[in-house]
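Chemist: Letter by letter, the chains look like this.
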Amino acid sequence: MALPWLSGSLSGLLLETASLNCQRNFSVSAVAAAIQKMTRVRVVDNSSLGNTPYHRPPRVIHVYTKNGVGKVGDRVLLAIKGQKKKALIVGHKMPGERMTPRFDSNNVVLIEDNGNPTGTRIKVPVPTHLRKLEGDYSKVLAIAGSFV
Amino acid sequence: MAACTKRLDRFIISLRLLRNLQLQNERFLSTSPCLRAAGNDSESPKFVPPSKPVIVDKTQTVASLRKFLSPEFIPPRQRTDPLKFSIERKDMIRRRKVLNIPEFYVGSILAVIMADPNASGKTNRFVGICIQRGGKGLGATFVLRNIINNQGVEICYELYSPRIQKIEVLKLEKRLDDNLMYLRDALPEYSTVDPEMKPVPFSPTGEVPVNKIKVRMRPKPWSKRWERPKFNIQGIRFDLSLTPEQMEHAQKWAQPWLEYDMLKDADLSKIGR
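Sequence lines, in order, name chains A and B.
Heads up, the first sequence is in my numbering, so the first residue is 41 and it goes up one at a time.
Heads up, the second sequence is in my numbering, so the first residue is 4 and it goes up one at a time.
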């Protein structure tokens with residue numbers, strides 16, 4: 041119903057309609073930074089909690105490190121769908137060490153309190169230096185599909 | 004006594020003159036046949052220089068004769084001792100003797116095999132398009148970008164790191180810009196590279212092809228304001244994302260005096276004209 045006047049106002053500016061895969065449902069800030077409180081993250085496993093749509097994106101409310109900055113392999117506390125859930129960071133937009141990958145989105149995998157993943161598969165590539173956390177998160181590494 | 008000497012002198016002088024005359028006559032006699040022969044021809048023979056021998060160095064291959072200066076060899080304009088750069092260059096050449104670092108530009112598609120203790124099989128292969136070459140000397144880096152499973156991944160590799168085992172150029176080409184960081188805000192089809200891609204053959208004697216592709220962008224906001232003249236980007240289709248008014252507004256940040264700034268490393272030959 042609002043579409044006719046929308047198309048009228050945008051007629052002067054030809055906009056690209058992004059494909060379904062890369063559709064941005066929220067505005068993205070330009071600064072690339074590691075993960076801290078109030079960052080919006082992308083849940084990359086196939087858990088129902090992470091994939092069901094909600095009117096608010098999942099945000100980080102606490103980072104379990106000495107400083108409040110979360111890098112790959114750190115645990116964080118998320119607010120998803122009105123509930124608190126722990127998660128593991130598997131990639132961020134901030135450039136890290138020289139030979140390590142940098143992702144275009146802040147990726148996160150939902151986790152229980154004992155370290156077991158909530159989902160059963162991770163399609164998105166995961167950095168190989170996560171394998172150092174063999175003991176704690178070996179089950180997360182087991183469900184990872186591809187390593188970069 | 005003096006009279007004797009005078010007469011003697013005159014005699015010697017006259018002898019000399021006679022000798023000279025004799026010599027001149029002889030010279031005339033000796034050259035006259037040639038001149039006569041030459042005079043018989045209507046045209047004088049033109050001097051034809053012997054043909055230069057074409058030197059083909061068969062000891063070296065055609066590929067090694069191709070000259071390319073990698074940008075990290077050019078030392079930056081600094082007040083440091085040039086000895087530091089010459090020592091660094093020696094180390095870079097020592098590493099290049101062990102690992103073949105091929106010629107590539109920003110926009111070429113590369114495959115890099117890296118030693119990784121955490122990866123299965125101890126090596127890690129990544130294929131991507133080179134979006135940036137930075138750093139000078141041994142710390143020279145290049146960034147490869149690819150989109151895997153709808154996730155954009157960039158890896159910044161150090162050219163002279165001992166962890167790199169092989170660098171392979173799958174497609175050698177140049178683009179309209181030196182820095183393709185705007186691919187992060189472009190549609191994902193421009194950053195996707197097939198990991199199983201076969202290397203495109205390239206003849207060592209040919210010119211490097213320039214890919215004049217103009218990339219379509221996602222809707223604004225972008226990570227950087229690529230329309231501004233300080234980036235000087237030729238490879239984006241601005242007409243699809245920006246109105247002419249916005250393009251004019253971006254030109255407010257233009258600094259046209261910069262090309263005449265002699266303290267920058269500008270090409271002074273242009274100012275002379």
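Treat the hints with care, as some may be off.
[To be verified] Here are the simulated SDA-like pairs of lysine to any residue, each with C-alpha atoms no more than 20 Å apart in a straight line:
(1) A:K172 - B:R221
(2) B:K125 - A:M78
(3) A:K172 - B:L72
(4) A:K163 - B:K93
(5) B:K174 - B:K125
(6) A:K172 - B:R166
(7) B:K174 - B:I216
(8) B:K169 - A:K163
(9) A:K163 - B:I216
(10) A:K163 - B:V130
(11) A:K172 - B:A122
(12) A:K163 - B:I104
(13) A:K172 - B:A118
(14) A:K172 - B:K93
(15) B:K125 - A:K111
(16) A:K163 - B:D197
(17) B:K93 - B:D119
(18) B:K87 - A:D114
(19) A:K111 - B:P191
(20) B:K227 - A:K163
(21) B:K169 - A:L173
(22) B:K169 - A:I101
(23) A:K163 - B:P191
(24) A:K172 - B:M117
(25) B:K93 - A:T140
(26) B:K125 - A:E137
[Unchecked claim] One-sided and incomplete, this derived list gives chain B residues near chain A with beta-carbon spacing under 7 Å:
(27) D60
(28) I116
(29) D119
(30) A122
(31) N152
(32) V156
(33) E157
(34) I158
(35) C159
Bear in mind the hints are in silico, worked out from the structure with no lab data behind them.
Please read these numbers as outputs of a predicted model, since none were measured by experiment.
Here a beta-carbon is modelled for each residue, glycine too, at the ideal position from N, C-alpha and C.
Chemist: Now tell me, hint by hint, if it's right for this structure.
Modeler: Outcome of the hint check:
Among the hinted pairs, A:K172 with B:R221 is inconsistent with the structure: their alpha-carbon atoms are about 37 Å apart, more than 20 Å. Between B:K125 and A:M78, the direct Cα distance comes to roughly 37 Å. Violation of the 20 Å bound is thereby established for this hinted pair. Proximity of A:K172 to B:L72 is assessed by CA-CA distance (about 40 Å); at most 20 Å being required, the pair is judged violated. The hinted pair formed by A:K163 and B:K93 fails the criterion: a straight-line CA distance of about 45 Å is larger than 20 Å.
At most 20 Å may separate the alpha-carbon atoms for a hinted pair to count; B:K174 and B:K125 exceed this at roughly 26 Å. Straight-line distance between C-alpha atoms of A:K172 and B:R166 comes to about 18 Å, which keeps the hinted pair within the 20 Å bound. With a CA separation close to 15 Å, the supplied pair B:K174 and B:I216 stays within the 20 Å bound. A hinted pair counts as satisfied when its Cα atoms are at most 20 Å apart, and B:K169 with A:K163 does not qualify at roughly 27 Å.
For the suggested pair A:K163 and B:I216, the alpha carbons sit about 31 Å apart, so the restraint of at most 20 Å is broken. Restraint check: the Cα-Cα separation between A:K163 and B:V130 comes to about 18 Å, which is no more than 20 Å; the hinted pair holds. Note on A:K172 and B:A122: the hinted pairing holds, with a Cα-Cα distance of about 10 Å set against a maximum of 20 Å. Taking the CA atoms of A:K163 and B:I104, the gap is about 33 Å. The hint is violated against a cut of 20 Å.
The straight-line distance between the Cα atoms of A:K172 and B:A118 is roughly 16 Å, inside the 20 Å bound, and the hint therefore holds. With a C-alpha separation of about 36 Å, the suggested pair A:K172 and B:K93 falls outside the 20 Å cut-off, and the hint is violated. For the suggested pair B:K125 and A:K111, the alpha carbons sit about 24 Å apart, so the restraint of at most 20 Å is broken. For the hint linking A:K163 to B:D197, the alpha-carbon distance of about 17 Å falls within 20 Å, and the restraint holds.
Between B:K93 and B:D119, the direct Cα distance comes to roughly 27 Å. Violation of the 20 Å bound is thereby established for this hinted pair. Distance hint between B:K87 and A:D114 is unfulfilled; the C-alpha atoms sit about 40 Å from each other, more than 20 Å. This hinted pair does not check out: A:K111 and B:P191 have alpha carbons roughly 25 Å apart, beyond 20 Å. For the hint pairing B:K227 with A:K163, the CA-to-CA distance comes to about 29 Å; that exceeds 20 Å, so the pair is violated.
Proposed proximity of B:K169 and A:L173 is contradicted: the alpha carbons are some 28 Å apart, above 20 Å. Of the supplied pair hints, the one linking B:K169 and A:I101 is violated, its CA atoms being roughly 43 Å apart against a limit of 20 Å. At roughly 18 Å between alpha-carbon atoms, A:K163 and B:P191 fall within 20 Å of each other, so this suggested pair holds. Taking the CA atoms of A:K172 and B:M117, the gap is about 18 Å. The hint holds against a cut of 20 Å.
Among the hinted pairs, B:K93 with A:T140 is inconsistent with the structure: their alpha-carbon atoms are about 28 Å apart, more than 20 Å. Between B:K125 and A:E137 the alpha-carbon distance is near 19 Å, which keeps this suggested pair within the 20 Å criterion. Given the 7 Å rule on beta carbons, the hint for B:D60 is violated: about 39 Å separates it from the nearest Cβ of chain A. A least Cβ separation of about 12 Å between B:I116 and chain A goes past the 7 Å threshold, and the interface hint is therefore violated.
Using the Cβ-Cβ criterion of 7 Å, the hint placing B:D119 at the interface with chain A is satisfied: the shortest such distance is roughly 5 Å. The closest approach between the C-beta of B:A122 and any C-beta of chain A is roughly 5 Å, which is under the 7 Å cut-off, so the hint is satisfied. Because the smallest distance between the Cβ of B:N152 and any Cβ of chain A comes to about 5 Å, under 7 Å, the interface hint for this residue holds. Because the beta carbon of B:V156 sits about 5 Å from the nearest beta carbon in chain A, less than 7 Å, this interface hint is met.
For B:E157, the interface hint holds, since its Cβ comes within 7 Å of a Cβ in chain A; the closest pair sits about 5 Å apart. Interface restraint check: B:I158 against chain A, minimum CB-CB distance 5 Å, threshold 7 Å, status holds. About 6 Å separates the beta-carbon of B:C159 from the nearest beta-carbon of chain A, less than 7 Å, and the hint is met.
The structure fails to meet hints 1, 2, 3, 4, 5, 8, 9, 12, 14, 15, 17, 18, 19, 20, 21, 22, 25, 27 and 28 from the earlier list, while all remaining hints are met.
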